[in-house]
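Engineer: Knowing the structure of chain A, use the given hints to seat chain B on it.
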Amino acid sequence: QKEVEQDPGPLSVPEGAIVSLNCTYSNSAFQYFMWYRQYSRKGPELLMYTYSSGNKEDGRFTAQVDKSSKYISLFIRDSQPSDSATYLCAMSARGGADGLTFGKGTHLIIQP
Amino acid sequence: DAGVTQSPTHLIKTRGQQVTLRCSPKSGHDTVSWYQQALGQGPQFIFQYYEEEERQRGNFPDRFSGHQFPNYSSELNVNALLLGDSALYLCASSKVWGLNEQYFGPGTRLTVT
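Chains as they are written, first to last, in the working numbering: chain A, 1 to 112; chain B, 113 to 225.
Be careful, since some hints might not be right.
Now the in silico label distances, taken between C-beta atoms and shown as ranges [as the list claims (entries may be wrong)]: (1) 14(A) with 130(B): 47 to 55 angstroms; (2) 14(A) with 183(B): 32 to 40 angstroms; (3) 183(B) with 81(A): 36 to 44 angstroms; (4) 55(A) with 172(B): 33 to 41 angstroms.
With a straight-line Cα cutoff of 25 angstroms, these simulated DSS-like cross-link-like pairs (lysine-lysine) come out [claimed, not checked]: (5) 125(B) with 42(A); (6) 207(B) with 138(B); (7) 207(B) with 56(A); (8) 56(A) with 125(B); (9) 207(B) with 42(A).
Note that these hints are calculated values from the structure, not bench results. Think of the CB as a built atom: it goes at the ideal place given N, C-alpha and C, for glycine as much as any other residue.
This is chain A alone, in the form it adopts within the complex:
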């Protein structure tokens, strides 16, 4: 079992829909959770960072962490074609000092 599981997709939704992206993990030591967006042939771009359980909102993006279920989510409201990309979840136990552990990424397609 991999430490971080993420459905690779592709996930295709119409423009304006609410998108839900998820990751599960097995290492209970993870306390720091990040979401990155990666366009084709580019480096990942940090979208959201949360610590421990709870919600965090930034514009159209909301990140949720449920440590009891070892489950994290990213919601995108009012999705746009420009949101089409691969979304990677990443986690760390020691605040990044141990490096980040990534999921495989979910390929998201927003249809105009």
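Structural biologist: Below, chain B alone, put in the same frame as chain A:
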């Protein structure tokens, strides 16, 4: 404000050769981490440098080595290249007290033939 830069953009090498990849961190950042991203996979942590020393290492063999310079820039060296080393190599920079906020460069795409 320049972000993280990496060079070269693309590189083609032959099995058994050695390669050096370079990274300049975002202004104000002092820590550099290197990751390997195979096609269709998430990035995998190679190692992290701070104060010119390797502070943490992922599950990669000794063929992978690095260096950090006084200006915080960094190099990744890979010896005795294998076909399986073909990947996108990503550099990420951060502040030592904000290691969760790692900012990635565009990567160097290495092809080993």
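Engineer: Take the hints in turn and mark each one as holding or not.
Structural biologist: Each hint tested on the structure:
no.: 1; hint: 14(A) with 130(B): 47 to 55 angstroms; in the structure: holds (49 angstroms)
no.: 2; hint: 14(A) with 183(B): 32 to 40 angstroms; in the structure: violated (48 angstroms)
no.: 3; hint: 183(B) with 81(A): 36 to 44 angstroms; in the structure: holds (40 angstroms)
no.: 4; hint: 55(A) with 172(B): 33 to 41 angstroms; in the structure: holds (35 angstroms)
no.: 5; hint: 125(B) with 42(A); in the structure: holds (21 angstroms)
no.: 6; hint: 207(B) with 138(B); in the structure: holds (10 angstroms)
no.: 7; hint: 207(B) with 56(A); in the structure: holds (22 angstroms)
no.: 8; hint: 56(A) with 125(B); in the structure: violated (44 angstroms)
no.: 9; hint: 207(B) with 42(A); in the structure: holds (22 angstroms)
Hints 2 and 8 from the list above are not met by this structure, while the remaining hints are.
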